[in-house]
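Visitor: Residues per chain, in single letters:
Protein chains: 2
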Amino acid sequence: MSKEDIGITVAKDDDFSEWYTQIVLKAKLADYAPVKGLIVLRPDGYSIWESIRNTFDKKFANNGIRNGFLPVLIPESLLGKEQKHFAGFNPEVFWVTHSGKNKVGDRLALRPTSETLAYTLYSKWIQSWRDLPLKINFWNTALRAEIKATKPFLRTSEFLWQEGHTVHATKEEAEKEVMKILEIYKKMVEEELAIPVTTGKKSEKEKFVGAVYTTTMEAIMPDGKALQMGTSHFLGQNFSKPFEVKFADKDNVEHFAWQTSWGVSWRLIGAMIMTHGDNQGLVLPPKVAPIQVVIVPIYKKEEDKSKVLSKVEEIKKNLEPDGIRVYVDDRSELSPGYKFNDWELKGVPIRMEIGPKDIEKQSVVIAKRYNQEKSSLNVTEIEKIPQMLDEIQENMLNAAREQSMKNTMNIVNYPEFTSKIESGGFFKAAWCGKVECEEKIKEETGADIRVIPFGSDNTSEKCVYCKEQSASIPIFARGY
Amino acid sequence: MSKEDIGITVAKDDDFSEWYTQIVLKAKLADYAPVKGLIVLRPDGYSIWESIRNTFDKKFANNGIRNGFLPVLIPESLLGKEQKHFAGFNPEVFWVTHSGKNKVGDRLALRPTSETLAYTLYSKWIQSWRDLPLKINFWNTALRAEIKATKPFLRTSEFLWQEGHTVHATKEEAEKEVMKILEIYKKMVEEELAIPVTTGKKSEKEKFVGAVYTTTMEAIMPDGKALQMGTSHFLGQNFSKPFEVKFADKDNVEHFAWQTSWGVSWRLIGAMIMTHGDNQGLVLPPKVAPIQVVIVPIYKKEEDKSKVLSKVEEIKKNLEPDGIRVYVDDRSELSPGYKFNDWELKGVPIRMEIGPKDIEKQSVVIAKRYNQEKSSLNVTEIEKIPQMLDEIQENMLNAAREQSMKNTMNIVNYPEFTSKIESGGFFKAAWCGKVECEEKIKEETGADIRVIPFGSDNTSEKCVYCKEQSASIPIFARGY
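Line by line, the protein sequences give chains H and R.
For the first sequence, our numbering gives the first residue as 1, with consecutive numbering after it.
For the second sequence, our numbering gives the first residue as 1, with consecutive numbering after it.
Accuracy of the hints is not assured; some may be wrong.
Since the list can't tell identical chains apart, any single copy or any two copies may satisfy a pair.
As the list claims (entries may be wrong) - Straight line, CA to CA, 25 Å or less: simulated DMTMM-like cross-link-like pairs of lysine to aspartate or glutamate:
| id | residue 1 | residue 2 |
| --- | --- | --- |
| 1 | 101 | 76 |
| 2 | 12 | 358 |
| 3 | 357 | 391 |
| 4 | 135 | 50 |
| 5 | 307 | 394 |
| 6 | 84 | 302 |
Hints are computed from structural coordinates only; laboratory data are not their basis.
Since we're looking at a predicted model, the values are computed, not measured.
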């Protein structure tokens, strides 16, 4: 295999799309499945998803949310019970028509999302105020046939996600839940994946079909395109009425319940790759890295081998009690240089090199992946590694924040909007609140309202499109 | 709600099937989905699955197995690549024919199992001996349309499971892996779910379609029916040849690889319910119980409330550092008796009752779920609770072992076989090894060869059916 086959062959700045795809495939995160638009996760990719899942599970549990399981098949009649919702998903639904040689009666949809199924059950499970709040999360996949250009993690016809569905006795409690979840999402994404996000509401046009309103967290990618990172919906009683999710209150009067639903998907992995990766490959934030420290033993003479390997094992054993995920690359017949490239491509946060000279000097060589810095560390200071990983994590978030700020602009007039849109970015621009302006802007520039940030209400400006009084200052961008 | 609505209304001995279904529904483990043959897991049911998954994940990781993700859609052409395998699953496959309004080209199967998909990818991922062994496990669902009577956890058209797929350079290594996995399965089921199993091989007739041979673990349920608890298959080169899973050895010569696949499903939860449950409801082994200790505070006078509740909190705090999962049932307006029944139905291993008199005596009342024993424990002995849970776990396995032994019989002649089969059980009976006898027995008695236990080779007996020389002493039974 030539070096070209192994490493990334295009620069991030030159061909972002090709660069991204090469990282996904060459760092062995994912691969294409035989059906167009579907991907497979290899262990290094799935392990990141497991880490995301475990973090959320803890945060969900602390918030009184438990996990459940829903089947993938939903009868067509059920899916059609909330009409707007159905119309929104209908074009992308995969339909099962046969089992074996037999035609099925009511066609079966592969779950595009589970509101209709979950709430059919919730209406059975909820009888009185004692059964509320009901808060269940489901880790599964959703299936939506993608006809546009597909891309691993970003646009696939089946994707791993979690969908949470909660039911509350009061509107206030449900709305609080919507915000609590969005806060959990934001914290997780910023603290674990080191990606800064902007939270706020979606416009009426962009909200989830069936929701009263949708809150969202959005991030700007290095290529200037926006990525929706997760949404938390206030459903009001839009579903509780058709699905009869009712409860008897303490006074024994029946009420329709108030509901929320919310989800994040493996898009988060795509965002992480785009935000932190560089020309050498993947760069993993320490908190989600399957391997945090890789140790490469270095020796030429056979006589040094056992000395080096035993030192390597000693250091590994020193690190593990701190919960550090360490891997020793003792593959024979591969040069240290080959191994360095390999682990750089895979994005391991810290590489440690140990050879006979290092042992003599009682030190090890440390190479940090995110900034390519090399330094020497005394073996007595090995205990500093956890702290070093924390610093890397923090620095990666800071760097991403800076990058994101550079990509965020205040746009005051429409000519500026149209001239700058080609190079991308988050455009903060005043908007009158009318869907007509939103649609015209989309039509003429390809940019959507990604998010109306909390606290961005503003009536003292003029709409960037129609020049009438503004209602808010949303963020516009072309998106994934 | 009347008491009948809440509790189990039939005895385990009177109507086992109805008893089982009532436990599943009334202990809120699962519920029926709108599509016949599909179920939904509620948090208490899913939490048991999570516990099973976490235990396996640790054991798999220790054995060098990592997790991955495969999509649910497999093209018909791919599924048909191994003919016997395809023929075996074909009648139960759900077919996707449309996405939105468009017909899909090659019909898409919902994964009945993923050998064909996984090995298409493995053939790309494996090039040299360095890439071996490749050991990946997938936690997902399998879909097989069930036409026979369905039953939660035991027979459903979609079921949660794990499927592991490994590739090895040598036959020996692959066969060792098959056995290692079976050992992991057995240990897990016996140690965590407290269900004794018999391991061995399936007969040629009963093996997995496409395997060279199938190893299995089988359990006998209290109603005398056998349940297959998990299988580990040696695939030989049956798939590596059609799917071209090849590797270049150190000498650069290409070889077809040797493969294994293996799986357990949520049937394990069904087995656990049947094995341990009683007329009051579910009985959970402590290791998988979502709640291990439930504390019911008892007071009649409002003035006792704060004293009792603060004692309860104190004891809860004492237990939690030991990793005990404790829940305080402080629901108002419900009598202690109602709560006792509720937690018995839900199978919580230990119930603790604390009232003003207990506080005076510096003690608490302990009720063990599995044997209904009530005793008093001095508050200074609260630290004994973890040990008590271990004893319960052990005693439950012992009781199940005894029950299983009672249900296991040596059968020496066919009239005995046919007369006793109605009352069920594991029948150890000599067999000549011919499929004709196996088929005749199945036809005439409904009993299959469940397992040919390891070490049961025996040529000194006569076949229970044809009276010719025996080859082994398998276990026959009617099964789920």
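Visitor: Hint by hint, where does the structure go against what was stated? Just the numbers, ascending.
Guide: 2, 3, 5, 6
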